Each structure stands twice: as C-alpha cells, then as structure tokens.
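Following the hints, put chain B in place on chain A, whose structure we already have.
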Amino acid sequence: MALNKSKRKNNEVKIALAGNPNSGKTTMFNELTGSRQHVGNWPGVTVEKKMGRASYQNYSLEVIDLPGTYSLGAYSDDEVVARDFLTTGDYDVVLNIINSSNLDRNLYFTVQLLEMGVDLIAVLNMADEAEKKGIKINKNKLAKMLGTSVVETVASRGRGIDKLLKETVQNRDLSEAALKIDYGREIEDLISEVLSMLREFNFTDQINQRWAAVKLIEHDPEAVKLLEREVGASKAKKIKSLIAGRELKAEDDFDNIIIDKKYEFINQVIAESVSRPAFDQEPENISDKIDKVITNKYLGIPIFMVVMWSIFKFTFTLGDPLIGYIETFFEAAGGWIGSLLAGAGVSPLISSFITDGIIGGVGSVLVFIPNIFLLFLAIGILEDSGYMSRAAYVMDKVMSKLGLHGKSFIPMIVGFGCNVPGVMATRTLDSKRDRIISILINPLMSCSARLPVYVVFAGALFPNHAGTVVFSLYALGIVMAVIMAGVFNKILFKGERSHFVMELPPYRIPTLKGVFIHMWEKVGAFIKKAGTIIFSVVVLIWVLANLPLGVEYASAESLIGQFGQLIAPLFKPLGFGSWQAASSLVFGILAKEVVVGTLGVVYAAGEGGLRAALTTNFSPLAAYSFLTMVLLYTPCIATLGAIKSETQSWKWTLVTASYLFVLAWIVAFVVYQGGMLIGLGA
Amino acid sequence: MPLAMLRVGETACIKEIVGGRTVKGKLTDLGFVSGKKIKIHRSSGGPLIVAIGDNRVALGRGMAHKVIVDKEGCEN
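Protein sequence lines, in the order shown, are assigned to chains A and B. In case it helps, this note's numbering puts the first sequence at residues 1328 to 2009. In case it helps, this note's numbering puts the second sequence at residues 421 to 496.
In isolation and in its complexed conformation, chain A is listed as follows (with noise of 0.2 Å):
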C-alpha cells in the first residue's frame, strides 16, 4: 500500500521500523544507523522520533524508529503515534521486526499490518536465540503464507544486515496486495455488506477498505471516529446499527471472533512453517531463576533498595572527581580569559560579562555533565538488562498503596536524572490518572540539578555531615512524592482504576553501544539545554545585575537586588529573608542549578568565596529549611514544559508549579520554626 509515498529520488528509500517492545527494534536501529541519527518529536506530542540514516551500496535510508507497540490497539501515546504513522506515514517500507523466539504474539502485529495493506519486510531478529530453543522457521513457508518477504537477522551481532538491506532496496517501490484472512461466513458476508456500503458513500480510497470494514467491525474508535469524518454521521449511524443489529443475533461479540480467527491463522501459519521441541514441559529457563530471587516476597525489595544505592553511590563516587576537573577548568579558564581581556584593554564591563557571567555561569551547569552521564548510564543498564520492570514489578504493592502501579515507578527513578526525561517517561503509562498523578509528583524526585546546591551548603554548613545531609533531602523528596501521590489520588481521580500489566522481558547482557547511545540522547539534550535556556539566564541574570547603569555589579541597588528585595519578606518566616536568597530562588526557576550561579554573583563571590559568605549569611538551620526549599519548590522551566507538553494542559502545569511552591514553603516553614522551637536555631 503506503499510498502516501511521496517523490523521492531514485536512490532515496524512506523506511521505519515497527514492531513489539523487546523484539531487538532499538539495537536494530542502532545497528542501521550507527551514530548517524538524532532524535526529534512528533508532531504535537512530545512522543521521541527517532530518525537516522544508513547506506546500502548507492541508495541512502532513512530510517525512523517507531515507538514499540503490540498491536494496532493504541491503548497509549506510544502506541497512537506508530499506528497513526503506519496508517497514514510517509514511506517506502516497514520493516517489521519480530522476535523469533516468540513468534505467535509477534506475528499478531504482523497480520495486523499485512491486513492493513502495509508493504513490509518481516525480520526474523533474535535469530541465535530462537536456535539455541531448537526453534526452526521455514522461511519460505512463512513468506509463502503472509505474503511478504521474510529475512531472518541478529540485530546484537550484525548478522544478516547486509541482506536486509539488499531486500529493502529491491522492495522499495513494490506494492503487494493485503493479506485477507477467512473471518468465517457471517464475518465475511458482514465485511462484504459494509464494504459496498463503504463505497456508495464514496469512503476513502487511500486507506485499505476491507481492513476499514473489519475494524468497524470490531468497533474500533478511532476507524468509527474515521468513518464519521469522511461520510458524515448519519451514514456512518447506517453502518454502524448494520453492524449492531448482525451482532445481536450472533453468538459472540464480533471482536472476539475476530481476534480468535486471527490468532487461528497465526497458529496455521506456525503449525506450517514452525518446528519446535514439544512444549509441555515448560522448562524453567535462566531469566526464570533469577527471577525467584529478583522479584522474591521478601527479598525483592531490599535488593531494589541495593540497586538503587548502587546507583547513587557509583553516580557519585566516580562522577565527584569528574566534575572537580572540570570545575579547575573552568575557573583556570575564567582567570585566563579575564586577564588576557584585561591585557588587551577591554572595558571591565565586557570583560565581567564574559568572565562572570558566560564562563562561570554555563560552567557552573557544565559541571553536572559527569554526574548526569553516570546516572543516565546506569539507567541504560537497568533498563538493557531487563531489570527496570522487575523493580516495576516489585514496587508494585508500595506503589498500589498509592493507588498507582509498578510501572509508575520508572518515570520516579529516571526523575533523578532529570525531571524532563522523567516526566516523558509517564507516556508509557496508559491509564490518564496514572500519568497525571506521575508528572504531578516527578518534580518531587531531586534531579541532578539540584545536587550542586545541596553540596554547596552542606560543604560549607555541615562540613562533617555533609552526606547526610544530601541523603536526607533526597528521602525527604521521596517522601513528599508519597504523601502527595496519595492525596492527588484521594482528591483528584476517587474511584478511577487503572490496569496493570507487563511484560517481563528475558534477562540480557546489555550492549555497550545500545547503552552508550542511550546516554549520548540524554547527555546531549542536556548540553543543548545548557547551551541554550541556561546561557540565556545567565545573560538575563548579569544584565540585571548591572542595571541601572553605573550601580555595583550584583548589590541591593542593582534591578536583581531590588527585586529580590521585593520578594524576601515572604520567606523571612522560612529563615533566609535576604535579597539574596530571594533572587537566587527566582533565578532557580529558571535551571535549578542556577541557584548557586546567583548567589555566587549577589554575594560577589568565586567558588571558594561562596562557602565563606554561606557561613556568614546563614545559621545551619536556616541553610536545612532552604534547602528543603529548593527541592520541593516550583520546578524549572524546561520540566514546566515539559509537562506542558505532555498533559497538552496549561491547568496541569500551573497546578504544578503552584502546588510545590505551596509545599516547599510550609515544609521549609515546619523546618525553620520546629527548629527554632526546639532550640535548634543557634
């Protein structure tokens, strides 16, 4: 089919890959690709398109890597954007990727396309695993019978590559006919009625009929919702009481018996083209024994705990000399520049502005780099090996409390890392009060940024409790996340469920290119955030430190200092009533970690001048309850738009960013003056 091919040059083939979640997609695409690819957004959803390209003798690829889905059901935004794509996307050829050793669900999406009319080549990916179950496929057979051509491939190891490619090439323009699978007398005479009811309306041709026909059947939505657009509702209301009317009178719903002719035909298919050894034992495998440990009653959770310290503590131990290096950079850099300008006679101003504010702003971000990098790296890892749902799995009954599900809990680990990548990893969630309910308490999960303000502090406030100090603000952001998830769920969505099932994929070995390019994604987005949105505040922030014209650079006469004026009395209740520690919060808006860039420059102070003015400026307590301020306050801006994009709701966004502030300063509040109480203010 793929009607919508649009011209492109001889050489040119435009292809995408589909297929189930854990069938080898991702290690395909990067396989295809190499490092040639980069990460967009669908249109209006902030969905990730993957696009990349490849060569194959004189033809140039490009590839799109759709988001994994099971069927055509779309039951989320995931799910939406691939079907939407197949249906109506712009290409040459789908590959299909399949696992082999898991044919019988993974054909389910494959007839699905082939009925639809999608030209595709089917991959046999995971080939060695299916061979070492002592699986055999007949290809022919299988190609025979589907109707398409059939390549067998390990993604992970670059077998068969070479032979996709060559097939994808000499299928570029064909166009085969959709496979038509015997739905039983009563179906077909029905699928026969409508689709001569389809034509007198004049029902688009651009998408295949009898597929339209067998979704209405099935009472599809969004094939009704197509229905009604292209014939008008009161044709569409015709077929669709047809369709009712011959339900009633039939034995079962029409959408189970579709579904079970299907899966008749991929038993067929298999029982013809499949030899495997008699199942019945159903031998207990490796993943299945490591599994009695990982997601045992008792033990589940401490080795959960155990993985996520490990976590921190690898994240931490080989980031914090990292980003020592690169600090000494920076500030070398910054000394050097500034007296070279200041040898070249450039005006101090200038000279101020590129020193303080470029270099020692966007190197105060910069800084993070490793910590980011470490903990992205794991994440990979987690996810690679199969881990990440197992810890869904395990945190399911602390989750259920909350009245969310296990599946909610990898958006909270990926939050800190960073809340914007967090927030987008609510989109596999399918129930809308699961996702709202995540994004509304993601920010509660302190991202990398906020780190840097924690270790200033607790550096200069509780030199010999420094660690606990960071530790205690991460639980207390945990703990928050809690209790807010249980009132949002009290208050907002009473009596709404949500569904819970996963897959467990089998346990592997993680490929060190798939988690690395994994990384690169999260890391380069970080760096471009930093090169832009940050760069831009620290511009913002240096302009108005010198403004009006001939004040001193950052004092309490500077437009920074009197608005920070303005605002201090309203967290003089919290301990830090200063201009200062105002302004340096409006600023943390902006990026967290711009927190310590901003008092850095109102307390006119290098990096090791910072620590001296903390002491002076703030008693320990004060130092505690503001901190505990900037962990739970209003989120940055990118993370705002984030959830701006993925609840597509202005009313989400400002509940979130209004709600934390709230929270922040009575926690803060309860802090400072329970301190007071207790003598702790000394």
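No wet-lab data here; the hints were simulated from the structure. Wrong hints could be hidden among the right ones.
What the hints assert, rightly or not - Only pairs whose alpha carbons sit at most 27 Å apart, straight line, appear in this in silico DSSO-like list of lysine-lysine:
hint : chain 1 : residue 1 : chain 2 : residue 2
1    : A       : Lys1616   : B       : Lys456
2    : B       : Lys459    : A       : Lys1624
3    : B       : Lys459    : A       : Lys1724
4    : B       : Lys456    : A       : Lys1619
To be verified - Here are the computed distance ranges between Cβ atoms for each label pair:
hint : chain 1 : residue 1 : chain 2 : residue 2 : range
5    : B       : Lys491    : A       : Leu1819   : 37 to 45 Å
6    : A       : Ser1387   : B       : Glu492    : 52 to 60 Å
7    : A       : Ser1863   : B       : Arg481    : 48 to 56 Å
8    : B       : Met425    : A       : Lys1759   : 24 to 32 Å
9    : A       : Ile1818   : B       : Lys491    : 38 to 46 Å
10   : B       : Met425    : A       : Asp1647   : 49 to 57 Å
11   : A       : Thr1943   : B       : Arg481    : 54 to 62 Å
Note that the coordinates shown come from a computational prediction; the quantities given were computed from them, not determined experimentally. Quick reminder that beta carbons are idealized off the backbone N, C-alpha and C, glycines included.
Only chain B this time, still in chain A's reference frame:
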C-alpha cells in the same frame, strides 16, 4: 475460574477474557487468547507473574480476575 485463583505452579487454559475493550485489547496484545496455556510462576499478594508461551507477564490482581481459565482441556 479466574486466573487469580490459581496457585503457584498450576497450569490452566484461557477460556475467555471478561471486561471492557481496553482490558481485552491489552491482554490480547500480550498473547492472552482463548485456548492458550498459562502457568502461574508467582502469586504472593501483589501482582502475579505468569508464563504464557515463552513470555513472562506481570499482571495485577484486578486484571487476573478478568482472565477466566479452565484447568482442563487445553488446545495447545
């Protein structure tokens, strides 16, 4: 009987899925179709882990009550 009532190690065959379109669709996607053999790997208060073919699937108790199984008469 509902799948949720089986004990660890027991095997049964799926008779039908009761429930709305979304529940049915999601389960069908993961291979829960009538006639399929299913084995309970874990059932301890929280969600179940079941083996269906070569797949391992975790599913909440609520979902497991919507899968109706029969201990006898499997097709495959």
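To see whether the hints hold, each was checked on the structure:
Between the alpha carbons of A:Lys1616 and B:Lys456 the distance comes to roughly 23 Å, so the proposed pair stays at or under 27 Å and holds. In summary, the hint linking B:Lys459 to A:Lys1624 is supported, as the alpha carbons are separated by about 18 Å, within the 27 Å threshold. For the hint linking B:Lys459 to A:Lys1724, the alpha-carbon distance of about 22 Å falls within 27 Å, and the restraint holds. Restraint check for B:Lys456 and A:Lys1619: the C-alpha separation of about 24 Å stays at or below 27 Å, so the hint holds.
The hinted window of 37 to 45 Å between B:Lys491 and A:Leu1819 holds, with their beta carbons roughly 42 Å apart. Evaluation of the 52 to 60 Å hint for A:Ser1387 and B:Glu492 yields a pass: the beta carbon distance comes to about 58 Å. The supplied range of 48 to 56 Å is met by A:Ser1863 and B:Arg481, whose beta-carbon atoms lie about 50 Å from each other. In this structure the hint that B:Met425 and A:Lys1759 lie 24 to 32 Å apart at CB holds, the actual value being about 30 Å.
For the hinted restraint 38 to 46 Å between A:Ile1818 and B:Lys491, the CB-CB distance of approximately 44 Å keeps it satisfied. A hinted range of 49 to 57 Å holds for the C-beta pair B:Met425 and A:Asp1647, which are about 52 Å apart. For the pair A:Thr1943 and B:Arg481, the beta carbons lie near 58 Å from each other, so the given range of 54 to 62 Å is met.
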